[in-house]
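Colleague: The primary structure of each chain is shown beneath.
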Amino acid sequence: MTSPYQILGVSEQSADAEIKLAYLQKVKDYPPDHDQQRFQQIQQAYEAIKDNDSRLQTALFNLPTVEFNDLFNLAFKQQSRLQPISADNFLKLLKAVPIEKSLLTAFLPTGS
Amino acid sequence: MKKTAPKSSAGKPEYSLEQNALDQFATAHYKEATDLYKDLLKRSDNPFYRQQLAQCYLQRALAMSTKSMPKEAVVLWENYAEWAKPPLAAIDSYIVWLLASKNPKKAYARLEQLTAQQLDENFLELATWLGFLLLSGHQEIAGHLPQDSALIRHFGLAQEALKAYQNHNLTGMDDALKQLPFRSAFRDLRSLLKTQLTDAVSMEQTQTLLSKIPQHSPYRPVADALLAYTQDGLAFVETALKLDHNQRRIIAQAKGLSNLQTELLDNLSSHKDRQTDKLRFNLAIQYQALFGTAAAQSFCQATLADYPAGRKDYLKNFAQNDIFENNRIQALLCEQNRNGYDAIFFWRQCIKILSAKSPEHNQKIALILRHMSAIVPSDEAIELIIESLDYDAKNRNSYLKILVFYDQEQPDTAEYERWLALGMQHFPKDIELLARAAKSASDKKAFKKAATYAQELLNIDPVNSLAKQLLFNSHLAHTRKLIKTKKFHLVDKEIHSAEQIMVDKNLRRLTDLLRGFSVWANENPKQGLQLIGDALQKLNDDPINIQFQAILEAALLNAPLASITKSLPPIKNHLLSTAQLARLINLIKQYNEQISESQILFDALEKIKAPLKKSLQKQDYSEDLLLDWCRVLETIGHFELLKHTAKLAQAKWQKPIWLYFLVYAENLGNPTQLGIKTLFKLEDAIEEAREEHDHKTVMLISRFINSHYQNPFDFDDEYHDDKDEELNIFNELFGHLPDSVAQRIAQKIQTMTKKNSPEQFVSNSIQKYHHRVDQKKLIKLFNNPEFLSAIAFFSVADDLQIDVGVSFEDIIDRFENNSPQLSFPFF
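In the order they appear, the protein sequences are chains A and B.
Under this note's numbering, the first residue of the first sequence is numbered 1, with each subsequent residue one higher.
Under this note's numbering, the first residue of the second sequence is numbered 1, with each subsequent residue one higher.
No wet-lab data here; the hints were simulated from the structure.
No experiment lies behind these values; they were computed from the predicted model shown.
One or more hints might be untrue.
In the BS3-like style, the derived pairs of lysine-lysine whose C-alpha atoms are separated by at most 25 Å in a straight line are [what the hints assert, rightly or not]:
| id | chain 1 | residue 1 | chain 2 | residue 2 |
| --- | --- | --- | --- | --- |
| 1 | B | Lys178 | A | Lys95 |
| 2 | A | Lys101 | B | Lys71 |
| 3 | A | Lys95 | B | Lys242 |
| 4 | B | Lys194 | A | Lys95 |
| 5 | B | Lys212 | A | Lys101 |
| 6 | B | Lys212 | A | Lys95 |
| 7 | A | Lys92 | B | Lys505 |
| 8 | B | Lys394 | A | Lys92 |
| 9 | B | Lys105 | A | Lys101 |
| 10 | A | Lys101 | B | Lys607 |
| 11 | A | Lys101 | B | Lys67 |
| 12 | B | Lys102 | A | Lys77 |
| 13 | B | Lys163 | A | Lys92 |
| 14 | B | Lys71 | A | Lys20 |
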């Protein structure tokens, strides 16, 4: 869930000119022939907040939508850099493999 | 498919049984083939039958293993071993099935029969599994394996590597791993441990290393768990949900996930195959602490469209203290559920709240009203748009929408003019508004005004074709005036001005025609006639259009017609071609825009009526062309020709539009007298047009029928409604007239209103009567619409030479002094 302000990298208090400048810079950074999807996102963001009327309309009539899968990006965001898994946990993982189940599903006969 | 093998084959010859068995075997019907070969073996101990029976058992055992039925696979393989000759196939599989079906004793017995070479070279995959079992805590297996095997040696190296890993000795681990050859049973373990050799986990590196582990490797679940460990967000969830519960717990712990996060994963895992909207909605609410309230709310809002039953829970969980915000969200949710009625209610609540802080929030109110206009029917929408202008008068689009509404959807000249004037006040330089103003002035034959707007428009938009045409027409009208008033010395200059305007070439040739008339009227009639003839020939390529245009121009210039037309080619036997009829249509349109008296057009059409009717009867015009022709006749109100054409077309095409034109013409454009049968016919025609997706015709007929029920001047109501005092005045003045007379007058008024707007009528009336009553008083009285109706009625009756028994002064007195009527000539 990214707001038009976030997409253009401006604050909600920014003036029209500042927003336009940020929009033009973004278009320069992400031209349509490089990343069409990103460009469209920038374009839509600008249309949504380009002037007072647009900003008011966005604020009044916009219900930000979030997909179910997007929620997981928020719930399981890695906060710090990961270190390799510990040996204990590695061994635990080895031992946690359900043997019978694995033997059934993973091993398919090849010598027949 | 039903299998066809017989259960009992007693009495059947051996040859046919054997063939049947072969067929079943060849088509992989091993169960049936087993029965047949067993039967055959009872008859004769044939080695081929034994071999076939053994193969049947083996194939069935393999089939059972793929169905995750190791016990059954074990039994069938043992049957196979009973009938087959050594060496036996799939011993490695048999051992795995034994282990999978928790029968280690038999498995170990078989393992003990294997040589080191067999295990290391022939059964590498079995060795990989056995190696994995040794590492995962089943070290007792080692005692049943050939001790000189590579598997046992490599197991020692693997243990050494793991020990080094446990001691945080990554170099030692690496050294041990390096000793494992490529074809080692612990190859996949090496790949797994290598992912741990880097200081910090890199997603890309890990993924590359882990991808080397085959899907059927026993180490795959560990590889998946390690991958999940390196991931976050959605990718982590997707991988984690593929893991076994215990593995997921280990990873969750290793990643330091909270209890709530682990619980969410378990919850998702238990519902991963059946996630309904309701479940997702409830999960979003239940775990909003993890998702963030805003995101959970947004997700739930969107889900309400598919899961409206969640509305109550939504409000319970996300309702805010801000009443405005609550109403706003309710309104938007209603819109999502296509519930416009309730959406309007909540928006009205929003407006109410904002109004308390007006004018600070006027802009918001205006925006909400405009937004509401998109979810209501068009007539209500226009009311909302008009209301929005009370809060934000400077919204160009609103004016344009209102103008389009009063121009096309619900034509109302007075309202159109009013809103056009208001729009022009706020946006005097707007191209679209200027164009509308110019066109409107031109329609009202206010050419000077139209020219002013057109000039203004051209200053802003130098290529605007409408403006150029209007300006050109204005110069032509002025030229005609100059010729009529014999100011010939100014004609050339005016014509020159017209010629400077870049308009259609054919249209520009009109200046040659006017030049000819000027010469004819001023200097040299003979030369003038020649010029007129030449210009007409250039403008038209047929005698009918030549004649028609000559008549029109002569009438507009008050020139004697006979002297002009006598030199023109005869029209009697000419039939108009398709292009010539199209030209005639354009001529009518062109002159109708310039002529205030439609009688001039009617007179000109009268002169060419005979060959025109003959052309319509004899020529095979396209339906589109005839539609164009009828539309122009409808516009100018020439009902005779319209009826003639519609009749011919209706017979040929039988479409709703032709029925409409026929009825329209037969009723002289007046819907008030439509009979019930005709109304039914028109209703049917609407349905037919709707089925054919002919929306234009649907609209046209609907409007006509609606007018039948709504007499624009409401005469019927005025005669019968005693409640309204103003209407009683009208009744007092004209109520004595017989219905037939009143209707005749009303009909004429309707025709008149088509051509002239109420403003135009008022302006003409003031000019006509200002010497009889004080002009200011008259203007004031005209502000009363009932007075306007009364004067219209009186004026039209006068034109029709009907004595209504009421004088102009009587009407003034009645509206001014409330004095009663005097004479009643019809009684």
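Colleague: Now look at each hint and say whether the structure bears it out.
Modeller: How the hints compare with the structure:
For the hint linking B/Lys178 to A/Lys95, the alpha-carbon distance of about 24 Å falls within 25 Å, and the restraint holds. With a CA separation close to 13 Å, the supplied pair A/Lys101 and B/Lys71 stays within the 25 Å bound. For the proposed pair A/Lys95 and B/Lys242, the alpha carbon gap of about 17 Å is at most 25 Å, so the pair holds. Our distance criterion of 25 Å between C-alpha atoms is met by B/Lys194 and A/Lys95, whose separation comes to about 19 Å.
Our distance criterion of 25 Å between C-alpha atoms is met by B/Lys212 and A/Lys101, whose separation comes to about 22 Å. At most 25 Å may separate the alpha-carbon atoms for a hinted pair to count; B/Lys212 and A/Lys95 meet this at roughly 21 Å. A C-alpha spacing of about 92 Å is found between A/Lys92 and B/Lys505, which places the hinted pair above 25 Å, so the restraint is violated. For the given pair, B/Lys394 sits about 72 Å from A/Lys92 by alpha-carbon distance, which is inconsistent with the 25 Å threshold.
In summary, the hint linking B/Lys105 to A/Lys101 is supported, as the alpha carbons are separated by about 19 Å, within the 25 Å threshold. Straight-line distance between C-alpha atoms of A/Lys101 and B/Lys607 comes to about 101 Å, which puts the hinted pair past the 25 Å bound. As the CA atoms of A/Lys101 and B/Lys67 are separated by approximately 12 Å, the hinted pair is consistent with the 25 Å bound. Straight-line distance between C-alpha atoms of B/Lys102 and A/Lys77 comes to about 42 Å, which puts the hinted pair past the 25 Å bound.
Distance restraint check for B/Lys163 and A/Lys92: the Cα-Cα separation of roughly 14 Å lies within the 25 Å cut-off, and the hinted pair is therefore satisfied. Between B/Lys71 and A/Lys20 the alpha-carbon distance is near 72 Å, which puts this suggested pair outside the 25 Å criterion.
The structure does not agree with the numbered hints 7, 8, 10, 12 and 14 stated previously, though it agrees with the rest.
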